Each structure stands twice: as structure tokens, then as C-alpha cells.
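J.: Work out the full structure: start from the sequences and follow the hints.
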Amino acid sequence: MPTVSVKRDLLFQALGRTFTDEEFDELCFEFGLELDEITSEKDIISREQGDQKASEASDVVLYKIDVPANRYDLLCLEGLVRGLQQLSILLPEYIRDPDQNWLSLLLSVQTASVRPHAVAAVLRNITFTPERYDSFIELQEKLHQNICRRRTLVAIGTHDLDTISGPFTYTAKAPDDIRFKPLNQNQEYSATQLMGFYKTDSHLRHYLHIIEDEPLYPVIYDSNGIVLSMPPIINGDHSKISVNTKNVFIECTATDLTKAKIVLDMIVTMFSEHCDQPFTLNGVVELAYRTETLSADYINSKVGINETAESIAQLLTRMCLKSEVTSDGAEIQVEIPPTRSDVIHACDIMEDAAMAYGFNNITRTTPRTYTVANQFPLNKLTELLRLDLATAGFTEALTFALCSQEDIADKLQKNLKDTKAVHISNPKTAEFQVARTTLLPGLLKTLAANRKMPLPLKLFEISDVVLRDESTDVGARNSRRLCAVYYNKTPGFEVIHGLLDRVMQLLEVKPGRNHGYYIQAAEDSTYFPGRCAEIFSHGKSIGRLGVLHPDVINSFELTMPCSALDIDIEPFL
Amino acid sequence: MADTGILESLLRLVDKVDGGIDSQVVASSLGVDHQVVVGAVKSVQALGEVIEAEQRSSKHWELTGEGQEIAEQGSHEARVFKAIPEEGLSQSQLMVESIEDVVRKKLQQVQMGHSSQLEEKEKNELKKRKLLTEVTVKSYWITKGSNFSTIITKQETELTPEMIASGSWKEKKFKPYNFDAMGVAPDSGHLHPLMKVRTQFRQIFLEMGFTEMPTNNFIESSFWNFDSLFQPQQHPARDQHDTFFLSDPAVAHDFPQDYLERVKKVHSEGGYGSQGYKYDWKIEEAQKNILRTHTTAVSARMLYKLAQQEEFTPVKYFSIDRVFRNETLDATHLAEFHQIEGVVADYGLTLGDLMGVLHQFFTKLGITKLRFKPAYNPYTEPSMEVFSYHKGLNKWVEVGNSGVFRPEMLLPMGLPEGVSVIAWGLSLERPTMIKYGINNIRELVGHKVNLQMVYDSPVCRLDS
Chain E
1 MPTVSVKRDL LFQALGRTFT DEEFDELCFE FGLELDEITS EKDIISREQG DQKASEASDV
61 VLYKIDVPAN RYDLLCLEGL VRGLQQLSIL LPEYIRDPDQ NWLSLLLSVQ TASVRPHAVA
121 AVLRNITFTP ERYDSFIELQ EKLHQNICRR RTLVAIGTHD LDTISGPFTY TAKAPDDIRF
181 KPLNQNQEYS ATQLMGFYKT DSHLRHYLHI IEDEPLYPVI YDSNGIVLSM PPIINGDHSK
241 ISVNTKNVFI ECTATDLTKA KIVLDMIVTM FSEHCDQPFT LNGVVELAYR TETLSADYIN
301 SKVGINETAE SIAQLLTRMC LKSEVTSDGA EIQVEIPPTR SDVIHACDIM EDAAMAYGFN
361 NITRTTPRTY TVANQFPLNK LTELLRLDLA TAGFTEALTF ALCSQEDIAD KLQKNLKDTK
421 AVHISNPKTA EFQVARTTLL PGLLKTLAAN RKMPLPLKLF EISDVVLRDE STDVGARNSR
481 RLCAVYYNKT PGFEVIHGLL DRVMQLLEVK PGRNHGYYIQ AAEDSTYFPG RCAEIFSHGK
541 SIGRLGVLHP DVINSFELTM PCSALDIDIE PFL
Chain S
1 MADTGILESL LRLVDKVDGG IDSQVVASSL GVDHQVVVGA VKSVQALGEV IEAEQRSSKH
61 WELTGEGQEI AEQGSHEARV FKAIPEEGLS QSQLMVESIE DVVRKKLQQV QMGHSSQLEE
121 KEKNELKKRK LLTEVTVKSY WITKGSNFST IITKQETELT PEMIASGSWK EKKFKPYNFD
181 AMGVAPDSGH LHPLMKVRTQ FRQIFLEMGF TEMPTNNFIE SSFWNFDSLF QPQQHPARDQ
241 HDTFFLSDPA VAHDFPQDYL ERVKKVHSEG GYGSQGYKYD WKIEEAQKNI LRTHTTAVSA
301 RMLYKLAQQE EFTPVKYFSI DRVFRNETLD ATHLAEFHQI EGVVADYGLT LGDLMGVLHQ
361 FFTKLGITKL RFKPAYNPYT EPSMEVFSYH KGLNKWVEVG NSGVFRPEML LPMGLPEGVS
421 VIAWGLSLER PTMIKYGINN IRELVGHKVN LQMVYDSPVC RLDS
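Which chain is which? The protein sequence lines are E and S, in order. Quick note, the first sequence lines up with residues 1 to 573 if you use UniProt numbering. Quick note, the second sequence lines up with residues 1 to 464 if you use UniProt numbering.
Treat the hints as calculated values from the structure; they're not laboratory data. Keep in mind that the hints are not guaranteed to be accurate.
[Stated by the list, open to error] The list that follows gives simulated cross-link-like pairs (lysine to any residue, SDA-like), each with its CA atoms no further than 25 Å apart: (1) K364/S <-> L257/E; (2) K282/S <-> Y207/E; (3) K452/E <-> G183/S; (4) K59/S <-> D22/S; (5) K322/E <-> G392/S; (6) K264/S <-> A346/E; (7) K64/E <-> D134/E; (8) K435/S <-> Y376/S; (9) K364/S <-> Y94/E; (10) K391/S <-> N361/E; (11) K380/E <-> D22/S; (12) K264/S <-> K452/E; (13) K64/E <-> Y376/S; (14) K264/S <-> D342/E; (15) K395/S <-> L62/E; (16) K282/S <-> N360/E.
The structure displayed is predicted, hence computed values, not measured ones.
T.: In C-alpha cells form, the structure reads like this:
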């Protein structure tokens, strides 16, 4: 969820009324926003850098508001005010400037391989104040971090139009052929030099990877060959904007055209209110108004309310979706403004109607859906066995499904290749390299963490391991295992063997060769030689039991003898 | 236990005196060591309220070994005098004709118990000469108890099979138990507290008529985990920073081809009344295998399966199982946790129905005061966060997420137009941590937990 920081008093001024913190919190709740924090610049600096540094800072109250991830129209003060001002009858009408005095942006084919799309617009005769200017910069940053996916999908550049002249050209060139003075620097660099230069920049280094390995870098020139920007990295210094800029040229370059249009629409619709002709826009802006027609019955039956078409139209209009009942009274026509890119289906309008009605005013009803409950058979068996294992004196452990390669291979004296493990490609630490192929390491680690507890320690777990399996669509499957360990001064093979006998008794399998179960000496590097047996039930191997190898005991930082039982319970379904 | 003779003699003495008697007096009058009397007092006390004994301490003077020798044989000086033979020493060497052995006399007085006749100064002088020592004696002041009797009845410690057989228990008195002591812990196994809570949640769903989904597939394709849920391919949740991807097996195969085409179309072009996301949907992205980030991937598979039925039948599904997130870990977040999920599919379900079902579900958890906040989720619309009023914290806290699945998810599956699917989810760990007062999730889940916590965890009743 993006967080937007706004000055409280400016917000209240724009909303035309004041609220207590509680009232504002309540308003946010109803709109699906969250008043996350009430703070000030002074507070923030004092918290991060100490009181001394904060003494000069402003103590104007700031509201930090969490905004839903799809509401790009609420990422700045201007947008929040429009969204929250639910009683405003006058909705802004965004129009394209009929005066076709707009500037063209020529796209060259070279950009196709690196960043194929670009759209641009102009904010004419804008009046910035320091607050508006900050909000303008802040909005671009919020858009970059959210819908633009850290500039990978869309990058925004803003320029002082009075310092450059169209038509503009968006092209791509070899890095050594691009030379310009980047924003806030004193000298020219080639693009290749710049990429090296920004390697250590705490902010910009995160974006270098987007184009770094491309043969051609995207670049925008004006008609005099001045570099406006090298998207998505940096703008040129020549055209930089300031609080005194009157005409702003905005370009969005992108790998996703839909999102580029949304981003451009968002910036111009938000800030055109500060232009001499508010909400009148120039450029390649989509400004796509759309009309959805739906019935009152649709809204009523989906939400569970019973409102007239007129009242629903009013509810929607309050949510900035201008709505009218059609002349025959049967349907509602809803106009979706360009700011509401989140509305892509009638159900999105339905949600706005429900929000305006108030989620908490809707009557809570019980659906009459009649169904009979069933347990998943594997889970039913698991639940029953867990209870009986605890009754047999063993304590249930709960260990992680992810672990290191070492846990399932080296430490158990197995070869990783023989484990049939699935491997994770992006683990942040070694703890998440593979999904476990056996429950044993988890139980041994639990023993190790509880060496101070009185002996004997008797643990079990019934849970899933993951194995490669070509026969499934994803190439892997879970397998439900029962694993138990006995840890004491004596190995206690007879205890773990007794537990196996008890489990078989619970599963109604009698001792015996053919239709029963039996154990047979087996070689297994995890176990002490001569102290391991394979378990067969109905002629099929279902697992092993035995005394663990001293090297295995050591590798899990244990000191006492330990016996273990490890079986697959799925054959008993 | 002291022998009965002593006990009865003691009781007879106590019986004779008014107001009580000191144990030292008892010792001297019975002619036994004081420690024997102390033992007898304790034995009688154990019989119940026969006597009352108040501990006292007194000081008295006693002779040291050397002092005793002097009391018996005379002081060293007197002994020298006596040792002079009849025939004598030379007159000049004998300064006195007779002596009075004062030291011996004084010591004998102490020996006879008359130390009070000596002055403090004299006693201290003898103490300095290591002939006397002052000792503190602990004794008991013994009085009759409420059940006083001069006859001893022996107390039994435990009821025995013989007593039951012979009926002798009727005549016997039994030693009282110390009810303040703890009992011996039973020798037993224990269930893990998180799993106990899981059992309760399963129970609640079963009581509400929900059928359990098969969630035993930790590995999922991005297609079922994201694409089928109308979660766009550039969504941040599909980022390397949030999701565990697999290197082996890296990709999934065998998707239902018709359905996959419909999913592709609704993402890239829209349809079913939707504008879609209008981007270039790629099969390569959908094929990527991951550790599932939510059990909703299984709900998607189940709803797709339901849509393939000849005729739609309403369903209520639930699951509680592990999900995985490649997130930054802290006191309340691990890379894996359990998700609880409920899903209802039927014709004509409303947002009010979702709130009603949630109300019933949370009532079973002992939570009756709920309110709902609009939220955003790519696959539900409307989406609601569920808040409950926490009396301890004195504020509304988020307890779950819910919503109505989007038509862009349901219609490509082939579910009939009028069918709505409502769903909600929450984590199993959070309510468990609140229930058992655990602040750090590592104290609840994983191999580092203290088994004592598991041993000591109470039964789980979520509604009380």
C-alpha cells in the first residue's frame, strides 16, 4: 500500500472543513484509506537523526495516509481532496485543449527493442507554489514506485517547455553517442560514463539495470538537439523545472503503453487544476471517458440492498462517478473519468456504490446455501493419527517446510542428487534453498534446540514433504509423512519399533509378510550400520526405522543416541 | 517416629501441668536427652491437634571439657597443692598452708544449674579462660491441643489393599496430605498449540457445513496462483522479492488449453464486461513454478473443476494449510505460515451475505463485534478488511480479509453468469499468538520452540 504524506492544514483547507484526528480517521476508514500516522518533519528528523538536527525543521502537522494500491488518483493532495470531497456537486470535467497548438513527439523505430512507447502532454500557464511544486514532484515519485514498477514499466520526465522547442524526437542510440549534462550536474557526460557515475548513487543505481545491458539507450531530443532525458534514468539539466516554471512538458516512456497513458492522464488531471484554464489539457493524453450502463437491480442484488435507481445514481456521483438515470428510469449511466483507471468492470462501480452506501450500513444476511461438509480424507487420517501418537507419549513438533540443501543431504549423509528435492531459485538465505524431502532434519533440529529438557525426548510430526514428480502438471508433489524420534542415553530402538507396531495397530495392519507389515535389515547411510530396517506394508516399502548414525547425530549438534521412524502414510488411505 | 513409650510419658506430663511445660523440663524429668523429647514433640504434632508446641530459645551456661575436669578434680592450682608429697618440699618453697579452690566451686555451681548465682563478671572471666561457654537452647513450650489425649494412635500414610480387605481402615487415622505441594506431572505426549488451534478452526468450518479442499500441493504454477485469479503479470506480488520461484522444476505444463486462452484474453483484451488490463500476456510468465503464496490457488483449481460439472451445484469450501512468502522476516512474519480460507459459491450471493457468513464464523471464535473496511485486492471486488474490536487493546484490529471474486476470474472458468463466489482468509498464527499471549512467532513455530511451551499449553477453546 502506498503511503501519501500531506500537510493536514492544507488538506482541511482544500476540503473546506476541519476534522478532529478521530473524525478524519473514521472518514478514511469508510473510504478504504488508513490514517497511518500523524507526524511532522520535525518528528521524522528527530526520530531518524536525533533531536539536535530536528531543531530547525518544520513542525507543521503531517498526515500519512495509506492508499489502496490501485487508486493512483489518490497519490497526491490534489487527488485526495477530489476523492474525499464527496459532497462536491461539481465534478471536474477534463477536456482536451481545442486549440491545436500542441507539440508533437516523434517516435523512432530504434526504441522498439528497449522501450517502445512514449506519450507526452503539456501543462500550460501553471502556477506553482512551494507546496504545489513539492506535491508535483512527490506524485511522480509515488507513481514511479507503484504503477510504474520502479520505472520498469513507465518513466516520467518533466521539463520547462520554455527552455526547449518542439517537435521532439524519442529515439535510441548507442551509449557512447549520447552526451549531455544530466540534472543537477555541472558537466557533460556520455551515457556510458553516466552509468558508471550513478553506480554509487543511492537513488538512481536501482534503475540502471533496466537499460544497462541494452545496445541502444533511449533518449529524447528537442528540435535543436538538446537532450531532454535519457529515460528511465535521468533528465537533462537544461530543461529542469522549478517552482517558477510556467509551462511544463511531461513525457512518459514505457514498455507498457496502457500504463503510460494512465500515468500521463493522472499527472495532468491532477495538476491542471493549477493552470489558468483548469482541467484543459494539451498533448497525447488519452483522457478516455467511458460510459457504463447498468441497472439498479444489478447493484442491489450484488450488494444486498434495495435502493432506487435515483438514489444509486446519487451514491455513485458522490464517489466522483457522475451518474444519471436513463430516461426510461430502468438503467443508470455511469461516466468513468480518466482519473479512475481502476474501474474496469461494472463490479468496480458496484463496489463504489456499496462504499457510498456504507459497508457497515448493509444488512448482514445468511445465505441459504445448503451443503454437507466433508473432510479431506488425508487430513482426517492425519488428525486421528496425531491424537493417538500424543496418547502414545510422543510430543508434536511443528517444523518448517523449507530448509537448506545441507539439512536434507550432507547432514543426513545423503547425496543431494538422490533426494528428489525441488530447488528454490531466489532464496534470501540458505534456510530457504529447498523444500524438505524428509521430516527428520526438522525433528533433529528441534531436539538440538531442546537439549536442556529432561530425557528422554520423544517427538513426532505428521506433515508434508515435497518431491519431484514428472507425472504432475507442476513436476512435483507433496507426500504426507509420519516421522518420530526417540532421544535418550540409550538408543531405544525397541521404543521406536514399539511405536511402529502401535501405528500399524492403529491402521489395522497386522504383522506378517503378505498382507501385513514387517521390517527387514537395510543399508542406509543416515543410520548406524546394522541398526536400520526398511518397513514393508502389503509388500510395499513405506519407510525406515533405526538408530541414527553417530555422524548424523553430531552434524545436528546432538550428543546422545537417537532412534527414528520415518514413514509415508498415504498408502493407508 | 519416636517410640510410643516416650510419647505417652510426654503426654502424661503435659496432662499434669497447667498452662504448659518446657521440653527441657520434660527431658530432665524423664531423664532423657533433650533431642529425644524434640523428636517426640514432632511425632505427636504430626498426629493432629493433640498438642501445641511453640518454639522458644533460651541461653544458659555450660562447662567446657576443661571446665568439667576442673569441677571434678579441682583447679590446676589446687591439684598442684594436693600433689605435694607428705614429706613436703622445702618450707621456703611453700608459701601457703591451705587453699580454697574457688574456681572449682564456681564451676560446680554452674554444673548444678545455679549459674545465676554467679555474677556476670565472674562468668565472663571463666569464659575467657575457656572453662565456661554460653549456649543457646531451642526448646518447645508444650500445651494441650484441641484433640488432647494421653493415648497415642499411630497414623497411616496411605490406604493399602490390606486395609481395604480387612476393613482396618475404619479404625486407623491417616496422616494428613500437604495439599500445597504440586502433583507429579503425568507421563504423556502433547499436541502442538498451533495444531490444536488448527483442529478448532477445522471443527468450526465443519460445523458450518464447509468441505475441506485438498491443499497438499505446496508447489504451484504462476498460472493457478496468479493468472487464473486475474492478477496481472506485472503485479508486485509476482516479484522476486515477494515470491519463491523454483529453479528445478522451473516450469509447469499441461494447462487446460481453452481455459488458458480465455485467461490470456481477459488479461490482455478484456471481455465478460471488462476492459482487461491491456498488456501483453505471456505464457512464459504463467508457466513459472513457485511455492504457492496463498491457498486461493487451490480455490481457483476447485472452482475451475466445479465449473466443468455438467450442472452447477452450490459449494462451501475451506482449507487451512501452509503458504510461502519470500518476505523480510520479523517478529510476526516468517517465510511460511498457515492460511485459513473459506469460500462459498452459489447463485445470487450478496456482499451482505459475505458479512453475514463472516459474522457467524467470527462468533464461533468468540468475536461478535465486527466492522468492515473497503480494501483492494486484484481478484476480489468488492474487497473488505475485517476488523474486530479488541477489548484489551481498546481499538479495532484487523482480523481477516474478504471479498467477492471478480467476474474476470469466474467467467473464464465457465461458471454460470449469476453465480457469485464469496471468500475470506486469515492466518492461523496470528489468532494463536493472541490466544496464547506469544509476541514472537519464532516462539510458536519452527524447530527453535521451547518444548516446555508445548508441554504446558492449555486446551484450545476459541470461543472462551
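J.: With reference to the structure, classify each hint as holding or not holding.
T.: Hints, verified against the model:
| no. | hint | result |
| --- | --- | --- |
| 1 | K364/S <-> L257/E | 49 Å, violated |
| 2 | K282/S <-> Y207/E | 24 Å, holds |
| 3 | K452/E <-> G183/S | 22 Å, holds |
| 4 | K59/S <-> D22/S | 14 Å, holds |
| 5 | K322/E <-> G392/S | 44 Å, violated |
| 6 | K264/S <-> A346/E | 20 Å, holds |
| 7 | K64/E <-> D134/E | 15 Å, holds |
| 8 | K435/S <-> Y376/S | 28 Å, violated |
| 9 | K364/S <-> Y94/E | 51 Å, violated |
| 10 | K391/S <-> N361/E | 23 Å, holds |
| 11 | K380/E <-> D22/S | 73 Å, violated |
| 12 | K264/S <-> K452/E | 57 Å, violated |
| 13 | K64/E <-> Y376/S | 18 Å, holds |
| 14 | K264/S <-> D342/E | 19 Å, holds |
| 15 | K395/S <-> L62/E | 22 Å, holds |
| 16 | K282/S <-> N360/E | 40 Å, violated |
Comparing the model with each earlier hint shows violations of hints 1, 5, 8, 9, 11, 12, 16; every other hint is respected.
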